[in-house]
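What follows is the residue order along each chain.
Number of protein chains: 2
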Amino acid sequence: MGMKLLSVCGAVLLASTPLLAQETPALTSKQAKTVDRLIDKGLKDDRAYAILESLTTEIGPRLGGSKAEARARDWGVHTFESLGFKNVRIETFEMPFWERVTETASIAAPFPQELKITALGNSVATPDGGLTGDIVRFRTLLDLQDAPLEGLEGKIVFVDEVMTRTQDGSGYGWAVAKRSGAANEAAKRGAAAALIRSAGTSRTRTPHTGNMNYADNVTPVPIAALSNPDADLLGSALSLAKGPVSVTLDISVRTKTKVESGNVIGEIPGKTDEVILIGGHLDSWDLGTGAVDDGAGIAITAAAAKLIDELPGRPTRTIRVIMWGAEEVGLLGARAYAAAHAEELDRHVLASESDFGAGKVWRFRTRFGEDELPKAKVYQKALRRLGVGPGDNKANGGPDVIPLVQAGVPAFRLYQDGTDYFDLHHTMDDTLDKVDLESLRQNVAAWAATVYIASELEGEYR
Amino acid sequence: MGMKLLSVCGAVLLASTPLLAQETPALTSKQAKTVDRLIDKGLKDDRAYAILESLTTEIGPRLGGSKAEARARDWGVHTFESLGFKNVRIETFEMPFWERVTETASIAAPFPQELKITALGNSVATPDGGLTGDIVRFRTLLDLQDAPLEGLEGKIVFVDEVMTRTQDGSGYGWAVAKRSGAANEAAKRGAAAALIRSAGTSRTRTPHTGNMNYADNVTPVPIAALSNPDADLLGSALSLAKGPVSVTLDISVRTKTKVESGNVIGEIPGKTDEVILIGGHLDSWDLGTGAVDDGAGIAITAAAAKLIDELPGRPTRTIRVIMWGAEEVGLLGARAYAAAHAEELDRHVLASESDFGAGKVWRFRTRFGEDELPKAKVYQKALRRLGVGPGDNKANGGPDVIPLVQAGVPAFRLYQDGTDYFDLHHTMDDTLDKVDLESLRQNVAAWAATVYIASELEGEYR
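If you read the protein sequences in the order shown, they are chains Z and W.
Residue 1 is where the first sequence starts when you use my numbering, and the numbers rise one by one after that.
Residue 1 is where the second sequence starts when you use my numbering, and the numbers rise one by one after that.
Hint data in this document are derived by calculation from the structure and do not stem from the laboratory.
Note that this is a predicted model, so its numbers are computed, not measured.
Among the clues, some could well be false.
Which copy is meant is left open, because identical chains are indistinguishable; a pair holds if it fits in one copy or across any two.
[What the hints assert, rightly or not] Calculated lysine-lysine pairs in the DSS-like style (CA-CA distance at most 30 Å, straight line):
id, residue 1, residue 2
1, LYS155, LYS377
2, LYS155, LYS242
3, LYS394, LYS67
4, LYS258, LYS394
5, LYS86, LYS155
6, LYS33, LYS256
7, LYS360, LYS434
8, LYS434, LYS258
9, LYS434, LYS242
10, LYS256, LYS377
11, LYS256, LYS271
12, LYS67, LYS188
13, LYS256, LYS394
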């Protein structure tokens, strides 16, 4: 009996009929023992760290569409093949390309000194030789949005909004709006450029990049992020100066209309053609070596799948691991996959991506059909020993599975502790040394357990 | 009766004669109340922070001998005059000048990617276009020192010694030896260049600079520091590569044989011409804005002296506050002052410098004549409410007073908690936002109390 029928039968039956207890989804005792063994093995795993060290060292930064990302795809094929994964392949797609070339800024007057900035992805360049303008500061993006449409011509708009540190990453959700928002609101008002305080929590001079998009109805102006200490410095200059504070900004970029990228795919074939789809994204921003964003996701999911591959016999469902291409620059690999595989999405039983660093998993969230929610308890029970608590049913599954979720594929997410994530994410400090081995292992254990249950537990999630 | 005589009289007299208890050095009850009032005021001080914000914002980085350091001297004169200090002046001296122009590095093969480095002060440049060499790693400087004199020709020597985090800064004491040591040992062996892991504790990609000096008998080779994460990355590359790992290093510098620097001096004149000499150094490294090294020292000592100036009446002894020039590049201001004031050093009663950041003071150390050690207890008693404990009698007084101590001037040091100091020191992350206001105020309180006692307590320290 499927869970939908059970739910139609209703709570009275569930309470009064002992026979129906068997219909509550549960693992067999053999399966439960296997889950525990996978967790034990995950907690001693060295494979994820080795994969991550290899990717960050041998490839390093790998911007979507770059030659480094192409080298990373070859690395991905080699890695999957070394692990003994099957059906290893690259599914290519085309994309536009943007990269930074140079980026410098300084206070021009009255207190000349350097400012540490980074251009936002997709920003236009400044005119040759740079541009200089007086700073007009807005405490928040909302203040800028409410500002008159006149009075900012030729100025450099500075959105000084501070990001809030949160465990669940929600602080980023509202901070990130200023990335496109500041540029577009500045452009609407005839400003020469926009600066934002980094949409990150780091107290070091490591500005935080990330993609932005220009609205259709504006003439694009260059935009860059100041590190938090540099935003503080500019704030001090504004408060100590007796007159205007001017800044010189010099950004050059290179773009191409069409380059190749791709998703790297490897599988642990199951007894059926039903798919449990997991993975992380292969591209990174260009500033760091992409250890926490998102080498960790690739390492965790590949190592977890390998632990299942090492069990006796085949899994019931096929475990498909994807190293997604060009996530940072607009979920381009995700969209390409969803389009190319549209016809077989009904065979995608569950999907999830690990893309929130390498902090400990603390919450299991789902996006199951409401009638299938009792199945979540099976996962929650298995994960509890790892300190993972229950979450709601509103998971998006992770950036690269959003297009699949939108197409009706059920999803889950192993939510990681992100308290320190935005100290590193999208900065030059996203490097291997920041990854804690014990936390990485806890992730592998949680993923191995979860993917095994997803493969073996009977029934659907739609 | 001076303390020397008391000590000749001996312990028996001290124990048996109540009258002699009056000879134990102590503050009058009025003085003790003033000390407590100064501490209360120090703990609410806003002046030190304002001075520090002004220096780091309006001047910023100020390398010894640079134009920025000259602007800082003008700032110093203006600051002292605004505070109402007397006899404000600049005592100039000449010095050689070195500055970095460009510095880049990358792994050339087999895993090409950028490395974050900074040249050490005084390093020679690489040949035009840079140099490339295979890396030979030594775990410690001691290992390099013990290496054969042959076999490193044309190589890049990499000293990967890790600095230990300590509260009292002693970890730096032994880590810093590799700065000159690595270059000289590499040069002796015909290596092309030297790289060191930063002599700092930061886990961010902010390499740590600092001065080095070439031995007379070697042909100088360029030397730079890798940030800790980049040293880790190079270590990973060495462990994953099947053959040699080569690095390209490109450093250009500019030098001048003679430029002007100076010490900025301001005073709170006392009733006598005896001098209590305090201060911090005005120059900084060029990478950060010199907030903790050593804007804080200037801010703390100037604010503390000002609190004493605001007391009714003049202090007994003159409080001389010095913003030392060109400390980082070899204590050049300190040496110039000691030479120029050699004739009046006998009127220098006590000297000290604040040059270890803005962490809380936790220990009071002295360098008094052994017979004058009972006086230390007067200071220790006053400082105890601030959480400052007793220390030994081996204080050096701080870098810029070393030449004075060597000439016989007694000294003290208010030892700060340096646990995090080497995360910031000599890096681009030495910025105002790192300074904790409450800790800065505790420093001002401790200095105001100490300097007041030094001014008012009768007797000498030699």
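My question is about LYS256 and LYS377: at a cut-off of 30 Å on alpha-carbon distance, are they close within one copy, between copies, both, or neither? Neither: 49 Å inside a chain and 73 Å across chains, both beyond 30 Å.
Indicate which option fits the pair LYS155, LYS242 if close means a Cα-Cα distance not exceeding 30 Å: within, between, both or neither. Within one copy only: 18 Å inside a chain, 54 Å across chains, cut-off 30 Å.
With 30 Å as the alpha-carbon cut-off, assign the pair LYS86 and LYS155 to within, between, both or neither. neither (57 Å within a copy, 43 Å between copies)
Evaluate LYS394 and LYS67 at a C-alpha cut-off of 30 Å and name the case that applies: within, between, both or neither. Result: close neither inside a copy nor across copies, 37 Å intra and 59 Å inter.
For LYS434 vs LYS242, is the C-alpha pair at or below 30 Å within one copy, between two copies, both, or neither? between (42 Å within a copy, 25 Å between copies)
If the cutoff is 30 Å on CA atoms, where do LYS67 and LYS188 land: within, between, both or neither? Let me know, please. Close neither inside one copy (35 Å) nor across copies (41 Å); limit 30 Å.
What label fits LYS360 with LYS434 when the C-alpha limit is 30 Å: within, between, both, or neither? both (13 Å within a copy, 28 Å between copies)
Which holds for LYS256 with LYS394 at a C-alpha limit of 30 Å: within a copy, between copies, both or neither? For LYS256 and LYS394, the Cα distance exceeds 30 Å both inside one copy (38 Å) and across copies (65 Å).
Reference check for the pair LYS258 and LYS394, CA-CA at most 30 Å: within, between, both, or neither? neither (36 Å within a copy, 68 Å between copies)
Using 30 Å as the alpha-carbon threshold, which applies to LYS434 and LYS258: within, between, both, or neither? neither (34 Å within a copy, 44 Å between copies)
Since the copies are identical, ignore which copy is meant and state whether LYS33 and LYS256 lie within 30 Å (CA to CA) inside a copy, between copies, both or neither. Classified as neither; 53 Å inside a copy, 74 Å across copies.
As a check of your reading, is LYS256 near LYS271 (CA-CA no more than 30 Å) within one copy, between copies, both or neither? Close neither inside one copy (44 Å) nor across copies (76 Å); limit 30 Å.
When held up to the earlier numbered hints, the structure conflicts with 1, 3, 4, 5, 6, 8, 10, 11, 12 and 13 and fits the remainder.
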